[in-house]
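K.L.:
Here is how the chains run, residue by residue.
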Amino acid sequence: MPVLLAAIAERLAEDVDDDAIYFATDVARRRLGGNLDRWPQADGTEDGDWFETQVDRAGTATRARLAHLELPDGTHLLVGRDVTERQRLGTLLGEAVAWSLGLMVLIAVAGGWLVRRVLERRLAPVAQTAMRFAAGELSHRIPTRPEGDEFDRLARTLNAMLDRIVVLMTGVRDISDAIAHDLRTPIARARARLEDALGEGADAAALRAAIERAIADLDGVVAIFQALLRIAEIEAGARRAAFSDSDLSPLLGDLAETYAVLGDPRGIRIETDLPAHLTVHGDRDLLAQAVANLLDNALKFSPEGAAIRLAAGVAQGRVHVSVADSGPGIPPVERDRARERFWRGEAARHSPGSGLGLALVDAVARLHGGGLELEDNDPGLVARLLIPAA
Amino acid sequence: MRDRLAWLLLAMPLVGGADAPSRVTTVTPEYCAELSALAKTRAAGRPGPASRLAQEGRELCAQGHVRAGIHKLRRAIAMLPHQPP
Chain A
1 MPVLLAAIAE
11 RLAEDVDDDA
21 IYFATDVARR
31 RLGGNLDRWP
41 QADGTEDGDW
51 FETQVDRAGT
61 ATRARLAHLE
71 LPDGTHLLVG
81 RDVTERQRLG
91 TLLGEAVAWS
101 LGLMVLIAVA
111 GGWLVRRVLE
121 RRLAPVAQTA
131 MRFAAGELSH
141 RIPTRPEGDE
151 FDRLARTLNA
161 MLDRIVVLMT
171 GVRDISDAIA
181 HDLRTPIARA
191 RARLEDALGE
201 GADAAALRAA
211 IERAIADLDG
221 VVAIFQALLR
231 IAEIEAGARR
241 AAFSDSDLSP
251 LLGDLAETYA
261 VLGDPRGIRI
271 ETDLPAHLTV
281 HGDRDLLAQA
291 VANLLDNALK
301 FSPEGAAIRL
311 AAGVAQGRVH
321 VSVADSGPGI
331 PPVERDRARE
341 RFWRGEAARH
351 SPGSGLGLAL
361 VDAVARLHGG
371 GLELEDNDPG
381 LVARLLIPAA
Chain B
391 MRDRLAWLLL
401 AMPLVGGADA
411 PSRVTTVTPE
421 YCAELSALAK
431 TRAAGRPGPA
441 SRLAQEGREL
451 CAQGHVRAGI
461 HKLRRAIAML
471 PHQPP
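So the sequences go chain by chain: A and B. Okay, so the first sequence: first residue is 1 according to this note's numbering, each after it adds one. Okay, so the second sequence: first residue is 391 according to this note's numbering, each after it adds one.
These are calculated hints, taken from the structure and not from any lab test. Just so we're clear, the structure is a prediction, and the values are computed from it rather than from any experiment. Beta carbons are placed, not taken as given, at the ideal position from N, Cα and C, and that holds for glycine. A hint or two may mislead.
[Claimed, not checked] For each label pair, taking beta carbons as the anchor points, the in silico distance ranges come out as:
{"hint": "1", "chain 1": "B", "residue 1": "Arg442", "chain 2": "A", "residue 2": "Asp17", "range": "13 to 23 Å"}
{"hint": "2", "chain 1": "B", "residue 1": "Arg442", "chain 2": "A", "residue 2": "Ala58", "range": "21 to 31 Å"}
{"hint": "3", "chain 1": "A", "residue 1": "Leu4", "chain 2": "B", "residue 2": "Lys430", "range": "18 to 28 Å"}
[What the hints assert, rightly or not] Stretch by stretch, here's where chain A covers chain B in the computed footprint (C-beta under 8 Å, at least three residues):
{"hint": "4", "stretch": "410-420"}
{"hint": "5", "stretch": "447-461"}
[Claimed, not checked] Just a sample of chain B residues kept apart from chain A, beta carbon distances all over 10 Å, derived:
{"hint": "6", "residue": "Gly435"}
{"hint": "7", "residue": "Ser441"}
{"hint": "8", "residue": "Arg465"}
The following block holds chain A by itself, in its conformation from the complex (with noise of 0.2 Å):
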């Protein structure tokens, strides 16, 4: 006990911490050693137990936490430290949280509010604007500021959508018109010959033959049909799926080669510049309509003894396919109209045609993400179709 109570002083003559508690006492726990006048108010404890009891320490009540170790030779001894200090520091960290977590909340919800309130302002004249389009006002637009945050990109973006509606929107009707105007021709065409062989009262040959007449001006409206769904296929991009790899340059020649035995009788030559390999990534059978509707155009405008000039390549990252005549071109003026569906420029009005060939020239070209461009050929005209290079 001696040597215990002597390690007891030790310790406690080195708590610089001020915190330690020990307390040794003999079997009916008398205070034998150690930094406590008696007991503390913990009755009942046994050996092995950690119990919290207040204590006096220079006048000032703290708490303190302490083991009871009963020894071999019956003594007791009490172990501990105050926790005065750590339950205030807990306390303190708790309070801290606690106001922490509060501040957080209320900057959230204030955050929260404000952000809203902030997106309510801002997309206002969106909703504003839809709700006008939606109600028939179609040439309203959302204002943008010159600044060009995210919020002006996005209506700088939805006033190009409706941009784009209006067209597409003012496409149909146009188209609608167009259809009327030129459907109405052939049919009544082919309804007036059939009206003329029954009249006559005609011999089945004669009526035959008007027949077959009226059959082909029909099979014109349907060709024409068929070129206007297949244009509405290629812009709503259901081809694109179809797109792969593929080397154009040989699709290219068969088609130089078709296209030259059918200018020959009218002499027309067709001169290629081809490269070995031309890779795009496509719709092949789209591109290759695209290319032969060039040709065509070509075909039917040039003189008699002419060369039309297929050339294809690569540059800035684009390839392009350009079909070069010598026939009356189209003013530059017309250029642009000259993509839409059913325009006819003048030198065409007295040859065959529907007036779709480079509208669905100018739809494959956007649907591969390129163009279709016009230039003079002095003379004649230069058509260009760009697509992006594999």
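Since the structure of chain A is already known, use the hints to place chain B on it.
P.N.:
Relative to the frame of chain A, chain B by itself:
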């Protein structure tokens, strides 16, 4: 009534003493003196920071700043070796 009041007055200190918490005995002038003696013994023949700390502790205790004095003395004792030089 007077007898009962007198009995209560006599009993109160006893009850209060029994309920009062244990007192920590290492924050008293007596313990300060005990640590001072211990520090003096260990610091004998060892001038240096520990001796200066012990002296400051003694002075604080003498001025009535018991807790501060005990703190300095404990720091001095913790710095000093247990064996005499």
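K.L.:
Next step is simple, just say for each hint if it's right about the structure.
P.N.:
Against the structure, the hints:
no.	hint	in the structure
1	B:Arg442 - A:Asp17: 13 to 23 Å	holds, 21 Å
2	B:Arg442 - A:Ala58: 21 to 31 Å	holds, 25 Å
3	A:Leu4 - B:Lys430: 18 to 28 Å	holds, 25 Å
4	410-420	holds (count 9)
5	447-461	holds (count 4)
6	Gly435	holds, 19 Å
7	Ser441	holds, 16 Å
8	Arg465	violated, 5 Å
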